Each structure stands twice: as structure tokens, then as C-alpha cells.
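Peer 1: The listed protein sequences correspond, in order, to chains X, D and C. So the first sequence is numbered by this note's numbering: it starts at 1 and just counts up by one. So the second sequence is numbered by this note's numbering: it starts at 1001 and just counts up by one. So the third sequence is numbered by this note's numbering: it starts at 2001 and just counts up by one.
The hints are simulated quantities; they were obtained by calculation from the structure and are not laboratory data. Computed from a predicted structure; not experimentally measured. A virtual CB, placed ideally from N, CA and C, is assigned to each residue, including glycine. Heads up, a few of these hints could be off.
What the hints assert, rightly or not - These stretches of chain D come out as covered by chain C in the derived footprint (C-beta under 8 Å, 3 or more residues):
1) 1015 to 1027
2) 1041 to 1047
3) 1121 to 1130
4) 1139 to 1152
5) 1162 to 1169
6) 1178 to 1192
Unchecked claim - Derived Cβ-Cβ restraints for the label pairs, each shown as a range:
7) D:D1057 to C:P2112: 29 to 39 Å
8) C:P2110 to D:N1173: 44 to 54 Å
9) D:N1105 to C:M2039: 44 to 54 Å
10) C:M2039 to D:R1263: 24 to 34 Å
As the list claims (entries may be wrong) - One side only, chain D facing chain X, incomplete, derived with CB under 10 Å:
11) A1051
12) S1109
13) V1113
14) N1173
15) Q1174
16) V1175
17) P1199
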Amino acid sequence: MNVLKLDKLSKTYATGDTALREVSFEVPAGQVLGLIGPSGAGKSTLIRCINRLVEPTGGSISLGDTDLARLNGRALRRARRRIGMIFQEYALVERLTVMENVLSGRLGYVPVWRSFLRRYPAQDVAQAFSLLERVGLSDHFNKRADALSGGQRQRVGIARALEQNPELLLVDEPTASLDPKTSRQIMRLIGDACRERNLPAIINIHDVMLAQQFTDRIIGLRAGEIVFDGPPDGLTNEILTRIYGDEDWTAMRGEESPDEGDPGLSVDLAEGV
Amino acid sequence: MTDQAPTPVWHYRTRNQTLLRWLGWFLLVALTVYCWQLMNANTIWAFVSDAPDQAADIGGRMFPPAWSYIDQLWEPLWDTLNIATLGTLIGVAVAVPVAFLAASNTTPSKRFVRPLALLLIVTSRSINSLIWALLLVAVIGPGLLAGVIAIGLRSIGFIAKLLYEAIEEIDFNQVEAVRATGASGAQVIDYAIVPQILPAFWGISVFRWDINIRESTILGLVGAGGLGIQLSASLATLAWNQVAMIFVVILGTVIISEWVSARVRQAVI
Amino acid sequence: MQMPQSYPTHWKRPPVLFTHTGWRRAIYAGALIYLVLAMQSVEVDWQRVYLGLDRGWKFVEGFLTPDFTTRWRDISEGLIESLTMTVTSTVAGILVSVPIGIGASRNLAPAPVYLACRGIITLSRSFQEIIIAILLVAMFGFGPFAGFLTLAFASIGFLSKLLAEDIEACDRGQIEAIRATGASWWQVVNYAVQPQVMPRLVGLSLYRLDINFRESAVIGIVGAGGIGATLNTAIDRYEYDSAGAILIIIIAIVLVVEYSSSYIRRWVQ
């Protein structure tokens, strides 16, 4: 049973630029999908079309059996709360506390008076604490969001998205503003969270190495069209050239291999014991 | 045979630019001189040259200030403070929704509602609180109520203008993220917009309260209550030492309110 | 078997200001008591208000059907006084404020000059324009000359203070670099300070022009010339349509000044 189905999704801007050309694919439950491609290929547009932060100009988007492209107003908000989104620049509300940011994931589920008075249902609060512990930020819940580091903020963003108990996770360049080690921690965290919940995810990512290492399936986008759809190890040099253009791919892969022995990885293996 | 290229010359501005600038300055000076002459068409220069003597005369009568007069000033001072505070509260209460209607990113309708809100703001701003007080005293009679409403009406424009500019400058990413969770419009305002403009809101409100204190001190001149009534009475009887005492009280009040305002604005950053 | 860990089910946002509970309660209680006392002190004669609403409605009618023609001579005289006062006082104000502003900047002026200039600024800012107008009218006689002096003096406090703040916030590196070339004090000001400060000075001057016009429409009430006197007379005579006409003119001019100032500001930048 497919959680998400895109059928001929298109987006042409008023200026005449076509960002997406009849993109179609399906995402089954529990699959972590990596979206790669050069800048301007339409990756960000695709992700934002799914929850209608950008309005598509053609095609259908089916979440379960609801066509998201047709919804408006209240129905759209009810659909949005089923989709969790993680942003590139974290997009936390900086002057609110970490706890408020996580709880804001439930805004689509609680009436206005509850959200205004910050009196959320007991279950939501308990889940928020549980999620903060899962991402390793239990001690920070009363801190203001702008007092945290980049990696910590992204983890709050992940907790906020998971607090929605979503059916689908959309992730827009989660590691763009993070250093290499933190990037890996974040990708690992997202992957683990998805596996624990059998949650499908579409991750827009520019770092090909990270995409290959942490996803189950890769879709390559170029100029608004899908040019590759397959397993991560199917990314040969020819395919990368087809997606990005000519480049010294073996040198790039060579640069990345010293990281394989990084201590972060071995500590994780030990944790399972 | 070597051909020497002419040495390049650097001019600060082109000839046309220089001419334009001179023309601009000339027009400005000409306008000023014209206005000056027009303005002084009926000025009695004898009075002007007499001014230092007048100043010395008044100065002499002002010092020492009538210290005992302060007993009659406590209640008007209390009234002045209330006019300023209650007026600011009213102004804030009305200005907040108006600001949201006037900001281009939160207004429900850019073509109808926004221009209306902007018109409201300009009307409120253009008319000094003393004129508002003048009108209100003529309509609902002298007293504190006229003063409070006058201050409120003037404050609406000031607060709403600065507030809507702050609303238009917020970080849109935070709004987008909250919207993506399925939040309704009111929840987006509560969680994404209000936290971003809260420091500006407090700063603007306290700043206006400070200005309102100054303006409230003179509303009594047209009958709207406060210290101005004593001022009007003392001026009518040319009791300059009483007037001096009132000035001392006003100065003290202004110093305190400015100190409070500066502290609050520092604390909210 | 793993015991499911139980998490807290309630959370309250920690208070931002006044973290100590005792203080917080005290301040909230104090604010409430103040509000009750303040509102009680505003004695409202509801009967008078009710009667006044009729007059208020007449005023609104007058505003909507303004009469420009009956009193046109008085209106145009007052308007010309206001406009000429605005131009001359703003120009004079700028001319005097620039040296005082430079003198009030800690990074450019020696200590005694700094203190003196800061003193002048404080004096100018503490008193409302009307109060200064009253004194100057007593010294210089009725008419726009006194109004010119009032607005020019008030402009000093505004422009010099903001100019000094801007100069003190200047990039120190630029000033040091020019100083290092051996430039004289004047040259440092002209090359390092002026370029950084000029755009904001233009903006502030235009803003002060706007403020001075609005003030010039008010100080006439105490005899310092301008359209305020005409307005006062019209209201006293219950000629609400003329009063409405005057108000519309004031609002229109403020609008024009605001639009043209944003144009000029963009052109200068």
C-alpha cells in the first residue's frame, strides 16, 4: 500500500520557468527516499508542492486516498497535519522555547484556545518529552530556541515533525547548514526514527555520499524531470554525470572514504550491545 | 616615436551632476529666503529686539519658583499620569489589529482593507493630540475623558505605523514551518508572528507612553485635564513663579518617565 | 521486559520577566490596583457625553462636507504661516543641529564641548513644543516669528540627538584609517564620518520636516502663528465644516510630505 503517490506533478511559475515536468512516482510505507540533483532541478519545489506550500500547476498528489492538490482551507490543514516537515534552516520560532516549538507540531490537532494558553492534552506533552529524550535534548526543553547550536536546532526540528505522528516525512536539505559530523548524526537520527515508526520519508539532499549511505532509494532530478530511480548502489559515475553533468566522481568518492573509520560510527555499534 | 596618451583626469562628479547640484542648492536657498520673507511680513521687529529685556523680566519673576505651589500640583500630576497611561492603553488596543490589517503580509485584502487601514493610520498621525483634545472638549466637554481619548487617538497612528513595519520584516521561514504543521491562521499568528514582533511591540508601546506623558502635561491648556489646567490658570494671572514651579514638576516627571522607558526598552532586546 | 518510561504530562512556559513568583504577583496586583484607581479618577458626566454626541455627529458631518470657501482667507493665511514656518524652522534647525550633533559625539568632540552640547539637547527635548512656544511668545510677541524659533529649537533636540547617536555608532575603522593619513579634524569629518551619516541625516531631516509641519498646525493655539489659531477659532464658533476643511488640508499635506520624502530618500541612497 503506497503512502504517497505523485501523478504527473507539474509546476510552471508565472514567469514562464517550468520547475517540474510531469513527475510521477510512488512511495511505500517505511521507505526512506533520497532526492538528489543540481541546484534548480526542482527538488525543493517538489517537496513544497506535496504539502502545498507551493501551488502545483498540474497533476495529482495522493496521500493514502486523499488528493492533496484539490484541498483547500480546513481540509488542507487537516491533510498538512499528517505530513511532518523538516527545514533547511531549521525554521524554529526563535523566541519560543524548545518545548513550545516541539508542541507546535500539534497545532493542527488542538483548538486555538488550547494552543494560545499552552494547555496541550496530556498525551501530547508526554510525547514531547519522550521525543526530546530520543533526540538527546531532554535538559534543554525550557531554553529559547535561539540559544541552541545548529545541530541542536535541527534535532528540535526533527522532534517537532515527529510530534505530529505523521504518515509522511518531508525533509528539505537537513544538513545544508551543518558540519560533516553533525550532518551524519542528523541523517542517522532521521533514518532511525523512520525505521522505528515505519514512516516513509522524502529527503532532499545535495550531498550524494550522505544520500547513498542513509537512504533506501534514490531519485535523481534534473531540470524538473526524473532521470534516475533506483537503489543507492545503482549510482554509477555515468548516472551521476547524467544527473549533475561531468565531474571527477572517483576523486569525490575517494575524499569521503577516510571518514568511514570515524569514531562516531563505532560508538553507535557499541550502543546496540 | 612614442605617442604619449593624455594623463587621465578624475572628476568627483560630471559637469551635469555638478550643475544639477548647484541648481538644487540654489532652489533650496531661494525657497527658504522666500518663506522667511513671507513669514515675517507682519513681524514687529521692535518686539524681537525687545526680547532680551522681556526674557530678563520673565526670568526674574520666575526665580525663585513658588515651591509651596506644589501642594496644588499633586492631583493634576496624578491626572496627567492617568491620561497618558490610559490613553496609551487604548491606543495600543486599537493599534494592534490595525497594524495587522495594514501589513502587506498579514492583511486579508491588499486592495481594500490595507489602504483603509493605512488611511486610518495617517489620519491619526497627522493630527496632534492637542488638536484632538480641542475637538473632543468641544464635543464631550472638558475633563479627563477628553484627554484620555485624545491621547489614545493620536497613539493609534504612531504605534500602528511602527508595528506594521515590524510585521512586514519578520522571518518568513518561521511562519512557513508553523503553517506546514496544519495550523490555522490564528495559530500561525500566535506561534510564528507574535513572538517575532514582541520586542518591537514593547519598545514601541513604552516609547509612545513616554511621549504621551509629555503631551499630557499640556492638554489642560484646552481644558482636557491634568497639569495644563494649572498652567493655563497661572499664565492667565501672569504668575510666573507658579509657572516656573509647574515647569520644574514637568521636568522631573519627564526625566523619570524617560528613565523608565529606556530601561524597559533595554530589557526587551 | 522493559518498563515503559512515564513522562510528565503537563508543562507550563516559564515566565519571561519577573521570574521570582513573589515579585510577579506583586507587580500584577499593583498594576491592577493602579488601573482601578486611575479609571475611577476619570469622572465622566455621561449626560454631558450623551448631549455631546449630537455635536460630535455635527462635527463628523462637517468633516465629510468640508467648507473651504467661506473662511478661505483666514485658512489660506494660516496655511501660509504654517508652511513658511515649517520650511524656515527646519532649515534653521538642520543648520544648528549639525554642529551641535557633532559636538555631542563622544568620538569626535572634546569633553567640555561634549557636555555642553548634550546639555543643550536635553534642555530642548525635555519641554513640549507648546511650552517653549508660550515662553517665546511672551518674549517675542505673537506671530509666526515666535513659532519659527520654537520649532527650530525643538528640532535641535531631535536632530542633534539622533545625529550624535549615529556618529557614535560609526565604523571606527574608517575614522582611524583617515586619521592615520594625517588628515585634519575637518577632513576626518568630511571623508570618514559624513559619507556614513549623510543618508540617515537626510531621512531624519525629512522626518523632522513632517513633524514640524504638524507642530506648526498646533502652536497657533497659544499665539505662535500658523493654522492652529484658525482651527481654534472655527471650533469656538461651531463652524464645523470649516474646521473639517482645515483638518483635511492638514492630513493631505502630511500625506504629500510623507510620499515625497520616501521618494527623496530613495533618490539620495
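Peer 1: It remains to establish, for every hint, whether it holds in the given structure.
Peer 2: Here is what the structure says about each hint:
1. Figure legend: the stretch 1015 to 1027 of chain D, annotated as covered by chain C; annotation inconsistent (0 residues with Cβ-Cβ distances under 8 Å, at least 3 required).
2. For the stretch 1041 to 1047 of chain D, the stated coverage by chain C holds: 4 residues have a C-beta nearer than 8 Å to a C-beta of that chain, and at least 3 were required.
3. Coverage of the stretch 1121 to 1130 of chain D by chain C holds in this model, with 7 residues showing a Cβ closer than 8 Å to a Cβ of that chain against a need of three.
4. With 7 residues having a beta carbon nearer than 8 Å to a beta carbon of chain C, the stretch 1139 to 1152 of chain D meets the requirement of three or more and the stated coverage holds.
5. Here the stretch 1162 to 1169 of chain D counts 0 residues with a CB under 8 Å from a CB of chain C, which misses the bar of 3, and the coverage is violated.
6. For a cut-off of 8 Å, the count of residues in the stretch 1178 to 1192 of chain D with a CB near a CB of chain C stands at 0, and the three-residue condition is violated.
7. About 31 Å separates the C-beta atoms of D1057 of chain D and P2112 of chain C, a value consistent with the hinted range of 29 to 39 Å.
8. In this structure, P2110 of chain C and N1173 of chain D meet the distance hint of 44 to 54 Å, their C-beta atoms being roughly 48 Å apart.
9. The hinted range of 44 to 54 Å is not satisfied by N1105 of chain D and M2039 of chain C, whose Cβ atoms lie roughly 36 Å apart.
10. Taking the beta carbon of each, M2039 of chain C and R1263 of chain D are about 26 Å apart, inside 24 to 34 Å as hinted.
11. For A1051 of chain D, the interface hint is violated, the least distance from its beta-carbon to any beta-carbon of chain X being 54 Å, above 10 Å.
12. Nearest Cβ of chain X to the Cβ of S1109 of chain D: about 17 Å, over the 10 Å cut. The hint is violated.
13. Taking 10 Å as the C-beta cut-off, the interface hint given for V1113 of chain D is violated, the closest approach to chain X being about 19 Å.
14. This hint holds: N1173 of chain D has a C-beta 4 Å from the nearest C-beta of chain X, less than the 10 Å allowed.
15. For the restraint placing Q1174 of chain D at the interface with chain X, the shortest Cβ-Cβ distance is roughly 5 Å, inside the 10 Å limit, so the hint holds.
16. For the restraint placing V1175 of chain D at the interface with chain X, the shortest Cβ-Cβ distance is roughly 9 Å, inside the 10 Å limit, so the hint holds.
17. A least Cβ separation of about 8 Å between P1199 of chain D and chain X falls short of the 10 Å threshold, and the interface hint therefore holds.
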